[in-house]
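Going down the list, the protein sequences come from chains A and B.
Using the numbering used here, the first residue of the first sequence is number -15, and each one after it goes up by one.
Using the numbering used here, the first residue of the second sequence is number 18, and each one after it goes up by one.
Because the hints were derived from the structure by calculation, they are not lab data.
Each residue gets a CB set at the ideal place from its N, CA and C atoms; glycine is no exception.
Errors might be hidden in some of the hints.
[Said to hold, decoys possible] Derived list of chain A stretches under chain B, where covered just means 3 residues or more per stretch with a C-beta under 8 Å from a C-beta of chain B:
1) 40 to 54
2) 59 to 68
[Stated by the list, open to error] With a Cα cut of at most 30 Å, we get these calculated BS3-like pairs of lysine-lysine:
3) B/K54 / B/K105
4) B/K65 / B/K153
5) B/K54 / A/K72
6) A/K5 / A/K72
7) B/K105 / B/K153
8) B/K54 / A/K(-3)
9) B/K105 / B/K65
10) B/K65 / A/K5
11) A/K72 / B/K97
12) B/K97 / B/K65
13) B/K65 / B/K54
14) B/K153 / B/K97
15) B/K54 / B/K153
16) A/K5 / B/K105
17) A/K(-3) / B/K65
18) B/K153 / A/K5
19) A/K5 / B/K97
20) B/K97 / B/K54
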Amino acid sequence: MSRAVINMPARAKRGQVIEIKTLVGHPMETGFRRTSVGAPIPRDIITQFACTYNGTEIFRADFYPAVSANPLFTFTTVATETGTLEFKWSGDNNFVFTESATITVD
Amino acid sequence: MKTSRRNFLAAAGGVGFALTLPPARATRATMQDAIRKVVGDAPLRPGKVRLDVPPLIDNGNAVALSVSVESAMTQVDHVKAIHVFTEKNPQPNVLSVYLGPRAGRAGFTTRVRLADTQTVIAIAQLNDGSVWLDSKDVVVTIAACLEEIG
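With the hints as constraints, model all of the structure from the sequences given.
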């Protein structure tokens, strides 16, 4: 099973721009590599990352094989209300992983 | 035709070469095609976008890459999408990011693989339909993607 690390402030002022750092464990096998006997290694990557804030999608990214193993992704959002941010990674071989974090806005 | 030793060896060598060719690489033309597929016919203008990537890269397997775009990120004036392309990776697309006014700032940081010394391009699509770009030339000493594993 995979593992993800989310780093973001637990409290923020309303309207403040907060930075969210995400890291998920995944080999991101490109599909372009071969074993020493020449057999191609099938592609196994995360193809999509999405972040929702209290159910509304605020950020989405499409990944291609050029994204490094264990994708690290840092982005920003405006702290609008107290609630939950859900992070979802999905990809090849039915890979789905979700993580959530809460924020208190005052 | 009688197969001479020379012909046979040339043919056999050709087969061996074909089998060991690395996967097809993107070229400037395929990168342009990939860009056109994403942004359509909109003219690309340099400016507004800032692509940060180190000019000299020791290890192409994990290269810190960040893109930021000058934008107020309001409902009437914001960045809709940011795309990153490379010239010589096996596939020209690196990643596409979709955002909106709720992002607050237009930008992101991630880590990418670079297969060769090449040009990296970041493209931003704004909500008014304009498209902006920035490009950086990078030198890669250890390439990603093409190594064998046991």
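Tested hints:
1. 40 to 54: Held - the stretch 40 to 54 of chain A has 13 residues with a Cβ nearer than 8 Å to chain B, which meets the minimum of three.
2. 59 to 68: The restraint on the stretch 59 to 68 of chain A holds, since 5 of its residues have a Cβ under 8 Å from chain B and three suffice.
3. B/K54 / B/K105: 18 Å, holds
4. B/K65 / B/K153: At roughly 14 Å apart (the allowed maximum being 30 Å), B/K153 and B/K65 satisfy the hint.
5. B/K54 / A/K72: Measuring from Cα to Cα gives roughly 26 Å; hence the hint holds.
6. A/K5 / A/K72: It holds: about 14 Å lies between the C-alpha atoms, which stays within 30 Å.
7. B/K105 / B/K153: Holds: B/K105 and B/K153 sit about 13 Å apart, inside 30 Å.
8. B/K54 / A/K(-3): Roughly 41 Å separates the two Cα atoms, so the pair is violated.
9. B/K105 / B/K65: Holds. B/K105 to B/K65 sits at ~25 Å (cutoff 30 Å).
10. B/K65 / A/K5: 24 Å, holds
11. A/K72 / B/K97: 20 Å, holds
12. B/K97 / B/K65: Holds, at about 14 Å.
13. B/K65 / B/K54: 22 Å, holds
14. B/K153 / B/K97: This hinted pair holds, its Cα atoms lying about 22 Å apart.
15. B/K54 / B/K153: 21 Å, holds
16. A/K5 / B/K105: The given pair, whose Cα atoms are some 29 Å apart, holds under the 30 Å limit.
17. A/K(-3) / B/K65: 29 Å, holds
18. B/K153 / A/K5: Holds, because 25 Å separates the two Cα atoms, which is no more than 30 Å.
19. A/K5 / B/K97: 21 Å, holds
20. B/K97 / B/K54: Since the Cα atoms of B/K97 and B/K54 sit roughly 16 Å apart, the hinted pair holds (cutoff 30 Å).
Hint violations for this structure: number 8 only, all remaining hints satisfied.
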